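Enquirer: Mind docking chain Y on chain S? Use the hints.
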Amino acid sequence: MAELFRMSAAEIAGAVRDGEVSAAEVTDAHLARIEQVDPRVHAFLYVAADQAREAARAVDRRRSSGAQLSPLAGVPLALKDVFTTKDMPTTCGSAILNGWLPPYDATITRRLREAGVVILGKTNMDEFAMGSSTENSAFGPSHNPWDLSRVPGGSSGGSSAAVAAYEAPLGIGTDTGGSIRQPGAVCGVIGVKPTYGGNSRYGVVAFASSLDTPGPLARTVLDAALLHEVMSGHDPCDATSIDAPVPPVVAAARQADVSGMTIGVVPEFTGEGFQPGVLARFSEAVELLESLGAKVTEVSCPHFSYALPAYYLIAPSECSSNLARFDAMRYGLRVGDDGTRSAEEVMALTRAQGFGAEVKRRIMLGTYALSSGYYDAYYGKAQQVRTLITRDFEAAFDRVDVLISPTTPTTAFPLGERVDDPMAMYLADLCTIPSDLAGNAALSVPCGLSPDDGLPVGLQIMAPVLADDRMYRVGAAVEAALDARRGYPLLNDAKGLA
Amino acid sequence: MPGSATLVGYDEAVSRYDPLIGLETHVELGTTTKLFCGCPATFGGEPNTHTCPVCLGLPGSLPVPSRKAIEYTIRIGLALNCSIAEWCRFARKNYFYPDMPKNFQISQYDEPLCTDGWLDVVLDESEAGADGSPRTFRVGIERVHLEEDTGKSQHMGGATGRIHGADYSLVDYNRAGIPLVEIVTKPVEGTGPLAPKVAHAYVTELRDLLRSLGVSDVRMEEGSLRCDVNTSLSPRGSGRWGTRTETKNVNSLRSVERAVHYEVERQAAVLDAGERVVQETRHFHEDSGITTSGRSKEEAQDYRYFPEPDLVPLAPPRDWVEQIRAALPELPSARRARLQEAWGITAAEMTDIRNAGALDLVEQTIAAGATQADARKWWLNELARRANDTGAELADLPITPADVAAVAALVASGALNDRLARQVIEGVLAGEGTPDEVVAARGLAVVSDDAALTVAVDEAIAAHPDVADKIRGGKVAAAGALIAAVMKATRGQADASRVRELILARLTDS
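Listed in order, the protein sequences are those of chains S and Y.
According to this note's numbering, the first sequence is numbered sequentially starting from 1.
According to this note's numbering, the second sequence is numbered sequentially starting from 499.
Looking at chain S on its own, in the form it has when it is part of the complex (with noise of 0.2 Å):
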């Protein structure tokens, strides 16, 4: 057997099932490899080593008293930071929640559990998921395990990390404008954003709510589809949540095959700004595409390129409301209060300390953007163009199956190099955000290295809103192919933990 975190989810799941490894052992591989190689990654803001080994016994005394054993049972997995959980502090990588233990689960921390999956801790994560390098935590960025000096991308950066470096085989995050799938395709791993509703944000603190959206990363697309299947359905504690049966995404990624589909390739995303060796793997994948058997077609959606400045009106909008209860009263931190200030001050000091830069950036362009008298400027013509958006998107599916774009313009880029010019930080969710104001599904998946610098470049492939398993049928033909003429893993090729 290999070193056992160097094991896949599916592996895992079926050595603990057939007792060939103990889900402890598996646990405790897992923490070593995390104190091994974390203090330089950083994936991790807490490890919850005692609660991850109880699990992990829980599972084996289920298997030994003869029970069945769900498909993920005994996998450890990293849990971003933003949802909430009862045995761990619950940060969402802000100064202003530091400390805070929820006293509830989230929907998808339940199902987790329910499913025997072991939490081996929380990840790092842009404060309150906003941003797209870690940077914007409070507590320090994550580092890139292809290159440390490099950003794993964010908001879910911290999850990306410790799947791209063997910190566990599964990771959770959330996309709210591509913070699945851009740490994801440049950490060289899979990111998944299921269509909106389709995953329970009951428990997730919210950044931007009609965005947000649970989903998957895992070294491979079978992985993640197991863990799809674990995270997803009707959720009765989510209004927005969708009553529907969940996609049948593991089938999907079993098939891997893509002979017959029509595969829809937006021009909008493949232009100037990219960097050459993203548009260079990205051609190859399109050819590889066609020579499994698809027929690959350009289809235009114009109302792309507004995506951007409609998502940074609606998102920060929602921001500036749902970010209002970090107040100081009820829970969290709390500055100024020696009895001779008035709960406004006090909440004002603490929200001045609290906030990081960047949150506060966008709880003003809200503010701002939902002020009377500006409204219909701004938040209004946002929902116009993600309308329109949403038009683009149905009007291609009418024509294709799927449509594929580079996940994001350039590959990793190194910490620091974006920290002070916000505009270029924005970029990196420029081919992701469509998908979140439309709320279909879509997936990053990795299309080899970039020739001019060696980093990973994500594919992605977007889905209709509840046909997920589409994109898992093509994210698996692709990783198929793509392993199959290498040899071996993409990830044995990351050397930044060598």
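The hints are simulated quantities; they were obtained by calculation from the structure and are not laboratory data.
Remember, predicted model here, so these are calculated numbers, not experimental data.
Cβ atoms here follow ideal geometry from the backbone N, Cα and C, with glycine treated the same way.
Errors might be hidden in some of the hints.
FRET-style restraints, in silico, Cβ to Cβ [stated by the list, open to error]:
(1) S:89 - Y:858: 53 to 59 Å
(2) Y:530 - S:360: 56 to 62 Å
(3) S:89 - Y:721: 34 to 40 Å
(4) Y:741 - S:336: 36 to 42 Å
No farther apart than 30 Å at their CA atoms in a straight line, the calculated lysine-lysine pairs in the DSS-like style are these [stated by the list, open to error]:
(5) S:86 - Y:650
(6) S:360 - Y:591
(7) Y:650 - S:381
Expert: For chain Y alone, coordinates are given in the frame of chain S:
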């Protein structure tokens, strides 16, 4: 210093200005659970015990709307003759306040659930038209919408109980998330001097309507019905609308009337002085009956309303709306008209019953066998007095309509007189049992046994020879003093008319 405003006498004010009023009423729905979570929506409880992550607005929590609360809102809308939206949304109203867990309130903004209805209100007999018929006003309803209530702040240590000057504040989130329906009238034009009466009559009618719909127990003293009253004045006959003030949290029927009355007097003085009425919120003071300035609208908040992204649009199916409509109960105005005719009483008598909050009680007492006159007599006099003494609602007295009917029957049969009947009621209220049990336990019965009475009559005559002489001399009216003496001696249990007969038989030839 509050209270120093200059006023113009009311009659003078309305001789020169036309008042225009509008009312915003908040009513807490009587649903079992809160609007967006499963916590109990009951009043009171130990502070912060009826709470959960959702109504505390904890990070990550999400609202899920209560179907019952939506049904109740539609029921109210239909009873107020409103149109029910086929599609509408909740909206967030953003502002910071410690008793608001999320620092936004989930409410409705430009897409309310119910719009464009009306409610007819009837003024008191005293305001009847020239032909004696009661005056009716049709109050237009602008909108009815559903929102969540906030928590409740308690400011400790200060002299006033207000936040200013307090040492610290406590917040109870039990109320946070209780469903609240806001009912907004259109501007009520053409009331003239009757504006305060119309405001009073509207809130009264609305209260009765809400109770009859079973959507709320409507207890104003517990804050389950709260009114904001808008008032403005315009020069008489000008047809223009003046600048309005909004008097917040006026929490009794009488206060609604007083608040309008006061604002008319105050605004008339402002206008007479050649100044402009400031558009502002004002606070009503129950003790002094005056209003004082709150924050002005110029510095008012921008609530940054936007559609609530945690909820999907609300699209009540038409067949559901029609089911709710079909199940509406008889509305109070129709019921009053029906009962008034059935009982053969006047409009004024019906108004008295209603003002006492005794309509259900009187109806049930009649149903239990009492005559309408007896039912009204006991509830509106003896029992109303006792309720008033203890500050209780009539309906909360520990006596049932059946008990009252039983007492009335004992009087009618001659077993009790009114005085004894009052003692029986006292006993029932004191928890001594049913009327029959109280009669038995206290030994209350009218004494009409001649042998016993004759002894008492003779003692009274012996004790009051001067009175006896007057009667012998033909002054029969003087017998009252002797009757009183006998009643006193028998502790009220004597049959007074028989006593009179016995006295006259002893002292006269008749």
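Enquirer: Decide, hint by hint, whether the structure agrees.
Expert: Now for the hints, and whether the structure bears them out:
1. S:89 - Y:858: 53 to 59 Å: Given a distance of about 55 Å, which is inside 53 to 59 Å, the answer is holds.
2. Y:530 - S:360: 56 to 62 Å: 42 Å Cβ-Cβ, so the 56 to 62 Å window is violated.
3. S:89 - Y:721: 34 to 40 Å: 38 Å Cβ-Cβ, so the 34 to 40 Å window holds.
4. Y:741 - S:336: 36 to 42 Å: holds (39 Å)
5. S:86 - Y:650: Roughly 28 Å separates the two Cα atoms, so the pair holds.
6. S:360 - Y:591: With a Cα-Cα distance of about 20 Å, the restraint between residue 360 of chain S and residue 591 of chain Y holds, given a limit of 30 Å.
7. Y:650 - S:381: violated (37 Å)
Comparing the model with each numbered hint stated earlier shows that hints 2, 7 do not hold.
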